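S.K.: Each chain, letter by letter, is given below.
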Amino acid sequence: MMSSQNEFADIPKAAEIHALYQQSRCETPSPHLDDSIRQQAAAAISKQNKPRRGSRWPISLATAALLVMGLSLTLEQWQQLTQKDLAPAALSSEMAAPRESMTTEDRAKSAPLVAAPAAAPQLLRAVPAMPASNAVLDEAAQSSDKKIEKTRDVAQDAAIEQINALIDAGELTQAAAAIKLFQQHYPDFTLPNHWLTVIAP
Amino acid sequence: MSEEEDEVLFGRYRQGDMRAFDCLYARYRQSLFLYLLRTFGSRSEAEDLYHDCWSRVISASEPFTQGLFRAYLFKIARHLSIDHQRKQRLRVVGSEDSLAAEATAPSAEKVHHDQTCQQQLLAAIKDLPQLQRDVFLLKEESNLTLEAIASLLAVGRETIKSRLRYAMQQLREKLQECL
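These protein sequences, in sequence, are chains H and Z.
First residue of the first sequence: 1, per this note's numbering; consecutive thereafter.
First residue of the second sequence: 1, per this note's numbering; consecutive thereafter.
In case anyone wonders, no lab produced these hints; they're calculated from the structure.
Only a predicted model underlies this, so the values are computations on that prediction, with no experimental measurement involved.
Watch out, some of these pointers could steer you wrong.
Said to hold, decoys possible - Restricting the straight-line Cα-Cα distance to at most 27 Å, the calculated cross-link-like pairs of lysine-lysine (BS3-like) are:
1) Z:126 to H:13
2) Z:126 to Z:161
3) Z:75 to Z:126
4) Z:87 to Z:75
5) Z:174 to Z:161
6) Z:174 to Z:126
7) Z:75 to Z:161
8) H:13 to Z:161
9) H:13 to Z:174
Build out the structure end to end from the sequences listed, making use of the hints.
M.R.: Right, dumping it as structure tokens:
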């Protein structure tokens with residue numbers, strides 16, 4: 001792509017004009033200008049070689065996503081904790097509900113069951129009230145949501161405590177009856193040895 | 001490195017090799033400057049545009065995808081010249097006369113014959129119509145072929161040759177004593 005004078009050979013005196021022009025080529029840019037351009041070129045390179053800071057939107061997005069995730073997890077945990085705290089109360093209210101339709105005698109019988117975990121001596125009177133808790137347990141079994149499931153767990157724990165209290169108190173007949181009732185409601189529950197001894201013929 | 005092609009050197013410079021830029025700069029330092037100086041006749045204007053031209057080359061995010069670096073460089077210079085001339089016409093009417101006068105002030109008593117001829121040549125170049133002067137200066141300074149100049153100016157090869165022929169004719173007429 002270099003120009004050659006052959007291209008202009010047909011133009012008269014082209015070579016002479018070219019030679020004369022070449023003689024006149026003596027001006028150059030000032031050294032100050034050279035330095036300025038060189039510095040600019042070096043600065044452009046150093047700027048280019050620096051690690052590029054990518055756009056910040058992915059970081060912002062990630063931070064926002066983390067925040068949302070963290071908040072939702074915290075909220076979920078808080079809800080679970082609240083449900084756990086409310087579950088015994090729900091159980092109490094559920095167990096208390098049938099009492100409204102009970103007779104005074106029935107209420108008296110079922111009363112210790114509601115407060116079962118709290119006072120062991122009262123539990124001794126609770127065995128006859130087991131059918132009352134059956135209604136609650138049946139209700140709980142019919143429901144499939146988590147809340148009811150948790151309620152069921154709490155009711156199971158309370159029943160276990162009652163049975164143990166009866167055994168400890170030496171009320172073995174009542175304890176055996178309670179255990180049998182318990183087995184009906186919780187067939188998957190593995191009975192402990194000291195319960196088996198009680199129900200053994 | 002000095003024998004490497006311009007395009008290779010420019011690629012190296014873009015990758016951070018400053019020596020490649022130095023080499024490239026040295027190659028076109030004088031020719032680019034003279035192209036601008038002969039176009040305007042004023043050293044200060046030529047230096048401003050020369051600086052702008054290299055700045056464009058340095059800061060270009062997309063330097064050039066194909067063709068010759070030389071053609072790319074002179075294309076930038078030409079565009080800058082055209083822009084500058086447009087602004088100049090808007091600012092000062094009749095500035096061409098003063099520019100020509102600057103170049104056509106040979107003190108015949110003090111300079112030798114050759115120098116006088118050179119001055120006359122520069123003055124004659126200055127007097128050329130812009131399109132003819134552009135072609136002449138591009139031919140002399142960029143060392144591009146007629147095809148490359150035609151491509152740069154977006155005209156046909158024969159148009160370039162025609163303009164050059166007219167330019168030479170005028171120069172011959174004004175330099176009769178020297179040629």
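S.K.: Would you mind marking each hint as holding or not holding in the structure?
M.R.: Okay, the hints, checked on the actual structure:
Taken as a hint, the residue 126 (chain Z) and residue 13 (chain H) pair is honoured in the structure, with Cα atoms around 19 Å apart against an allowance of 27 Å. A distance of roughly 19 Å separates the Cα atoms of residue 126 (chain Z) and residue 161 (chain Z); the hinted pair therefore holds under the 27 Å criterion. As the CA atoms of residue 75 (chain Z) and residue 126 (chain Z) are separated by approximately 20 Å, the hinted pair is consistent with the 27 Å bound. The straight-line distance between the Cα atoms of residue 87 (chain Z) and residue 75 (chain Z) is roughly 18 Å, inside the 27 Å bound, and the hint therefore holds.
Note on residue 174 (chain Z) and residue 161 (chain Z): the hinted pairing holds, with a Cα-Cα distance of about 20 Å set against a maximum of 27 Å. Of the pairs offered as hints, the one joining residue 174 (chain Z) and residue 126 (chain Z) holds, with about 12 Å between alpha carbons and a cut-off of 27 Å not exceeded. Between residue 75 (chain Z) and residue 161 (chain Z) the alpha-carbon distance is near 18 Å, which keeps this suggested pair within the 27 Å criterion. Of the pairs offered as hints, the one joining residue 13 (chain H) and residue 161 (chain Z) holds, with about 15 Å between alpha carbons and a cut-off of 27 Å not exceeded.
Of the pairs offered as hints, the one joining residue 13 (chain H) and residue 174 (chain Z) holds, with about 12 Å between alpha carbons and a cut-off of 27 Å not exceeded.
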